[in-house]
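Read in order, the letters of the sequence shown are residues 7 to 339 in my numbering.
Any given hint could be a false lead.
[Stated by the list, open to error] Below 27 Å or equal to it, Euclidean Cα-Cα: the simulated DSSO-like pairs (lysine-lysine) are: (1) Lys235 - Lys267; (2) Lys330 - Lys267; (3) Lys307 - Lys323.
[Claimed, not checked] For each label pair, taking beta carbons as the anchor points, the in silico distance ranges come out as: (4) Asp281 - His80: 29 to 37 Å; (5) Ala34 - Ser238: 45 to 53 Å; (6) Ala324 - Lys113: 45 to 53 Å; (7) Tyr257 - Thr313: 54 to 62 Å; (8) Thr313 - His80: 41 to 49 Å.
Calculated directly from the structure, the hints in this document are not laboratory data. Where a beta carbon is used, it is the ideal one built from N, C-alpha and C, also for glycine.
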Amino acid sequence: SSARLVHIVCAHVQTLALDLATVGRLVATLLVSGGHSLDDGLSSTSLELLVENATPDEFHLVWRTLTSEIAVLHDPARVLAALRAMLKVLCMERAPKNQRVLADSAKTTLATLVNLCNDDDAASHVVTEIHVAALRVVAQAFAKGGDAFDWHAADIHVALLALRPLLSVVASPSSPRPSAGLGPQVWQQSYLLLLRLLRQYHTTLPQYLPHFVAGCNALLRALLYAAAKADSTDHNLLHLWASNLTRLYGYMLPHATSFRKHMVYMLSEFFYKHDALPVDVQGTLRPGIYALFDICSKYEKEQLYGTLDGTGKVLLKAIDAHYKESHQYTGKV
Numbered sequence: 007s008s009a010r011l012v013h014i015v016c017a018h019v020q021t022l023a024l025d026l027a028t029v030g031r032l033v034a035t036l037l038v039s040g041g042h043s044l045d046d047g048l049s050s051t052s053l054e055l056l057v058e059n060a061t062p063d064e065f066h067l068v069w070r071t072l073t074s075e076i077a078v079l080h081d082p083a084r085v086l087a088a089l090r091a092m093l094k095v096l097c098m099e100r101a102p103k104n105q106r107v108l109a110d111s112a113k114t115t116l117a118t119l120v121n122l123c124n125d126d127d128a129a130s131h132v133v134t135e136i137h138v139a140a141l142r143v144v145a146q147a148f149a150k151g152g153d154a155f156d157w158h159a160a161d162i163h164v165a166l167l168a169l170r171p172l173l174s175v176v177a178s179p180s181s182p183r184p185s186a187g188l189g190p191q192v193w194q195q196s197y198l199l200l201l202r203l204l205r206q207y208h209t210t211l212p213q214y215l216p217h218f219v220a221g222c223n224a225l226l227r228a229l230l231y232a233a234a235k236a237d238s239t240d241h242n243l244l245h246l247w248a249s250n251l252t253r254l255y256g257y258m259l260p261h262a263t264s265f266r267k268h269m270v271y272m273l274s275e276f277f278y279k280h281d282a283l284p285v286d287v288q289g290t291l292r293p294g295i296y297a298l299f300d301i302c303s304k305y306e307k308e309q310l311y312g313t314l315d316g317t318g319k320v321l322l323k324a325i326d327a328h329y330k331e332s333h334q335y336t337g338k339v
């Protein structure tokens with residue numbers, strides 16, 4: 007078949023000494039033939055072979071083609087195919103010879119991806135496959151090894167704007183439950199982006215913490231909304247989200263000084279709507295809440311207490327008492 011022939015050519019691209027025009031045609035063929043199935047199958051493998059064997063000029067052509075294709079907004083199928091191919095390229099080990107290409111295009115590529123996450127559909131609180139794919143690429147671009155892009159402090163702020171699909175998912179309690187449709191993918195990729203920014207770019211985060219904290223709260227709000235509307239099939243997902251949030255909160259501890267002033271905002275979300283969570287899911291999330299308590303001073307707890315209603319005050323007292331008995335470090339063994 008034609009797909010098999012393209013695969014063979016990609017596997018032997020080094021020995022065939024193809025000109026750039028022919029390599030460009032190979033890339034176009036892979037995008038057309040891969041389409042919606044580029045996540046697996048022959049087209050995916052062919053793309054990997056082509057990138058692995060590419061010269062710097064050929065890799066530049068591949069990347070330039072993909073960055074151009076994701077800007078073809080009038081043809082969503084082309085955008086989606088290019089996003090999936092771009093993700094495949096970023097997931098591969100990148101040779102040092104190709105890093106300059108990524109760094110040179112970093113800002114324009116990130117801006118295009120963020121624009122895809124903030125289109126008219128997102129403004130209408132409708133999440134699409136393009137939103138998910140663009141968010142996945144942004145999250146992967148800031149994964150370990152993202153230094154190939156030579157990100158700067160201002161880029162972190164731009165990357166946080168890619169969380170718009172998550173904000174659409176939790177736009178209001180009347181929205182479709184976050185655990186349905188594309189919601190779980192949006193949640194997971196948003197979580198990965200926030201986690202990677204916190205772990206690898208924490209020195210620049212203090213400048214943009216309000217946006218970061220808003221993203222963290224959107225993750226928690228999605229969990230609470232999903233729990234309120236959940237059916238029996240959602241239970242494992244609720245546990246996964248609670249576990250991931252606990253991990254994210256734990257990574258905030260080394261940066262307690264920066265996060266402390268945001269704790270009232272973060273914790274109030276939980277105490278206002280905690281009753282939506284099943285008891286066992288609350289248990290999964292509790293170590294994360296205790297991690298936030300570790301960041302709080304007495305002042306933040308007093309401020310939080312003042313914002314809560316009667317039920318919230320009772321819950322805060324109960325959880326704080328258990329925290330002091332079983333979790334808080336007192337210096338004694």
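Hints, verified against the model:
Between Lys235 and Lys267 the CA atoms are separated by roughly 32 Å; this puts the pair beyond 27 Å, and the hint is violated. Of the supplied pair hints, the one linking Lys330 and Lys267 holds, its CA atoms being roughly 21 Å apart against a limit of 27 Å. Of the pairs offered as hints, the one joining Lys307 and Lys323 holds, with about 10 Å between alpha carbons and a cut-off of 27 Å not exceeded. The beta-carbon spacing between Asp281 and His80, approximately 47 Å, falls outside the hinted interval of 29 to 37 Å.
Taken as a hint, the range 45 to 53 Å holds for the pair Ala34 and Ser238, whose Cβ atoms sit roughly 46 Å apart. In this structure, Ala324 and Lys113 meet the distance hint of 45 to 53 Å, their C-beta atoms being roughly 49 Å apart. For Tyr257 and Thr313, the hinted distance range of 54 to 62 Å is not satisfied, since their beta carbons lie about 25 Å from each other. Taking 41 to 49 Å as the suggested C-beta distance range, the pair Thr313 and His80 conforms, at roughly 48 Å.
The structure fails to meet hints 1, 4 and 7 from the earlier list, while all remaining hints are met.
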